[in-house]
Structure formats: C-alpha cells, structure tokens
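With chain A held as given, fit chain L onto it using these hints.
Here's the letter readout for the chains.
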Amino acid sequence: DAGVIQSPRHEVTEMGQEVTLRCKPISGHNSLFWYRQTMMRGLELLIYFNNNVPIDDSGMPEDRFSAKMPNASFSTLKIQPSEPRDSAVYFCASSQRGQGGYEQYFGPGTRLTVT
Amino acid sequence: RKEVEQDPGPFNVPEGATVAFNCTYSNSASQSFFWYRQDCRKEPKLLMSVYSSGNEDGRFTAQLNRASQYISLLIRDSKLSDSATYLCVVNLNTDKLIFGTGTRLQVFP
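Same order as they appear, the protein sequences are chains A and L. Under my numbering, think of the first position of the first sequence as 1, with each following residue one higher. Under my numbering, think of the first position of the second sequence as 1, with each following residue one higher.
Keep in mind that the hints are not guaranteed to be accurate.
Unchecked claim - Simulated restraints, written as ranges between beta carbons of each label pair:
hint, chain 1, residue 1, chain 2, residue 2, range
1, A, N51, L, E15, 41 to 51 angstroms
2, L, Q106, A, D56, 32 to 42 angstroms
3, A, E103, L, N27, 15 to 25 angstroms
4, L, C40, A, K68, 29 to 39 angstroms
5, L, N65, A, T20, 36 to 46 angstroms
6, L, A20, A, M39, 23 to 33 angstroms
7, L, K45, A, H10, 12 to 22 angstroms
8, A, D57, L, S52, 27 to 37 angstroms
9, L, S52, A, E14, 49 to 59 angstroms
10, A, D57, L, R66, 27 to 37 angstroms
11, A, D56, L, S52, 22 to 32 angstroms
12, L, P8, A, T113, 18 to 28 angstroms
What the hints assert, rightly or not - To spell it out: a stretch of chain L is covered by chain A in this simulated footprint if at least three of its residues, at any positions, have a beta carbon under 8 angstroms from a beta carbon of chain A; those stretches are:
hint, stretch
13, 38 to 49
14, 82 to 96
By construction, these hints were calculated from the structure, which means they are not laboratory data. This one's a predicted model, so the numbers in the text were calculated from it and none came from an experiment. Note that beta-carbon positions come from the ideal geometry of N, C-alpha and C, so glycine has one too.
Extracted from the complex, chain A is given alone in its bound form (with noise of 0.2 angstroms):
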C-alpha cells in the first residue's frame, strides 16, 4: 500500500516567492497533519485536518502561511511570500482518527529552502 505522498521532495526559492508543498494522505484516513521540522525547534505541529475540515491551526507561524485540504486525498501548505527562516523540512502526517494508539503515518517531507 501506499504510504503518505508528498511533493516536492525539495524545493529551492529565493525570498519573496510563493511557495506549494503538496500532500496525498493514506486513503481511508481521516486526519491528516502538517508539521515543521527544525535543528533548533524540533518537530512543531502548524496545522491539522479531521474530515477535510481544519481543527486547530494555533501552530501555524503567521499569516504568510495557509492549508487547505479540498478533499480527502489532497491537501496543499502554502507560503506566500517565503522567508529564509521558513528554511525547514515539512511533513504531513495522517492517521484514522478513533483507532486506538492515534498512530500518525508521516510523508518522505518536503525539504525547503528560502534563500
């Protein structure tokens, strides 16, 4: 089976362009999350998703950030303009939400650069 998908892999841009990560969930879970990774904060959680419908987005840096997810299979974070202190690696995660253990599958990330 497929795990989470994500694209792209990498991704370089320079300050002040719009930046898309994409995220294909495993299907039939119905929670899906985004996550930030950094050397000096650790994995944050920016945002989460039940049912295609945002949760809690208390994690999410500022307005230059934003999630959709449009239906069950796809899901998009969105950085306009890009800062180089977005520099990070980017990670959604999905789980089926009323398992037990609340186990969350993570994506290969999206590795960003904003130079």
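Structure of chain L alone, referenced to chain A:
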C-alpha cells in the same frame, strides 16, 4: 517549560550495550505515550506505544511513571541499526501528538 523534554544526547554506545533514554512531560492530563524513531534525513515512525504497566517488544522496553510524569525507553543488546533519533511523544486524548526534540543514539562497532 517545554511540554515534553528529552536529553538531546548524543549517546554513543558500543554494539551489545544496554542504553536507556528518559523523557519528562509537563501536562498531568496526558493520556497516551509513544516512542517514535527517526533515522537521519527520514520521517518519524512509530517504534512502540507506552503502557502504564510497562511493555516490551523484543530488545526494547518502555516504562511509564505517571506520578513522576516520566517515560523511559531501554534498548538491550544495541545494534548498529539502532542508530537514530528517538522521539518521546505525548497525547492529551485529542488528535494532536506532542513531540519531544529527540535523543540521538549512535551505536559504534
């Protein structure tokens, strides 16, 4: 204070050694606990859940002390392939997982 605190390490141990990692959490209402493993430049993956009674999975043993708000992971007979970062994870009975910043383990021959 961080919600989940871990010693970042690194822990450098020889093959065959026993190594233990600790983790403390700040919210006494935390309900579920996990250890995730993250290899270099890879995504985190669930290693094991942590139960109140303690649980074992092969060479790995996890313990929970609710009174002290403390979680541990013991690895026996370390292998080179155990080299990774181990993330302590806490859940407040919601969909959110709170991750520690991880403890790095390096097993050498």
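Practice prompt. Just pull the numbers of the violated hints for me, sorted ascending.
Written response: none
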